[in-house]
Amino acid sequence: MGFLSYSLVKIKLLLTDPEFVFKRVKHEGYLEPLLYYTFLFVIFSILTLPATLINGALLGSALQGMDRLFFFVLIPFGILIGLLVAIAIMFGFAGLVHLFVRLFNKNSDFMQTFKAVAYGSTPSLTIGIIIAYLALVPILGSLFIIPFVYNIVLVVIGLKSLQGIKTSRAAFAVIIPVLILSILFLLTVLIFVLRAGLA
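Mind the numbering: the sequence shown is residues 12 to 210 in our numbering, read in order.
It should be emphasised that the hints constitute simulated quantities derived from the structure, not laboratory data.
Be aware that one or more of the hints could be misleading.
To be verified - Distance condition first, Cα-Cα at most 27 Å in a straight line; then the derived DSS-like pairs of lysine-lysine: (1) 34 / 117; (2) 34 / 21; (3) 34 / 23; (4) 23 / 37; (5) 21 / 177; (6) 23 / 177; (7) 177 / 37; (8) 177 / 117; (9) 177 / 34; (10) 21 / 37; (11) 37 / 117.
Since the model is a prediction, treat every value here as computed from it, not as a measurement.
Make a model of the complete structure from these sequences and hints.
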């Protein structure tokens with residue numbers, strides 16, 4: 012089975028029977044989940060590009076004073092930078108989650124946590140494509156919560172299968188980092204807004 016076919020099968024099974032997949036990827040190293048994530052990220056970026064350009068005034072502002080052809084030449088570069096940033100964030104989040112995993116399993120392997128996070132991102136990069144277009148209708152923007160929650164569920168299932176910890180402990184190891192990062196994000200936004208208001 013080729014990489015494309017194998018990836019499509021993984022996507023289907025991760026969305027319908029994630030435990031089946033996680034039990035079978037335990038032997039994998041970093042390369043397989045990284046290639047899988049890269050494949051999904053590139054497809055997601057390409058398929059959601061029209062929605063990204065339509066949403067807001069991105070296309071209009073980007074083309075002001077810029078050659079149209081030059082702008083579209085920059086798109087692959089933007090996808091590459093986005094991918095590198097996304098992978099860095101994924102490693103960082105996996106590291107934070109792993110700190111909590113080690114509270115319950117001191118012999119836990121970071122690679123297994125990384126795989127849970129990488130494969131757990133499947134909903135955002137698949138269902139998220141549909142949501143990106145639905146979100147063009149302002150009232151439907153909140154639908155992004157669906158793949159986000161689905162991501163968390165998959166990571167929890169992944170940690171349970173790959174690290175051999177209870178569901179409740181896996182949920183704790185994922186939800187606490189999510190809450191920490193959410194609070195930090197909100198504080199950053201609040202500080203930015205307050206500074207902008209005082210300027």
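How the hints compare with the structure:
1. 34 / 117: 20 Å, holds
2. 34 / 21: Within the cut-off at roughly 12 Å; holds.
3. 34 / 23: 15 Å, holds
4. 23 / 37: 18 Å, holds
5. 21 / 177: 24 Å, holds
6. 23 / 177: 25 Å, holds
7. 177 / 37: 17 Å, holds
8. 177 / 117: Distance ~14 Å between residue 177 and residue 117 Cα, so the pair holds.
9. 177 / 34: Between residue 177 and residue 34 the Cα gap is close to 15 Å, so the pair holds against 27 Å.
10. 21 / 37: The given pair, whose Cα atoms are some 14 Å apart, holds under the 27 Å limit.
11. 37 / 117: 18 Å, holds
In this structure, none of the earlier numbered hints is contradicted; all agree with it.
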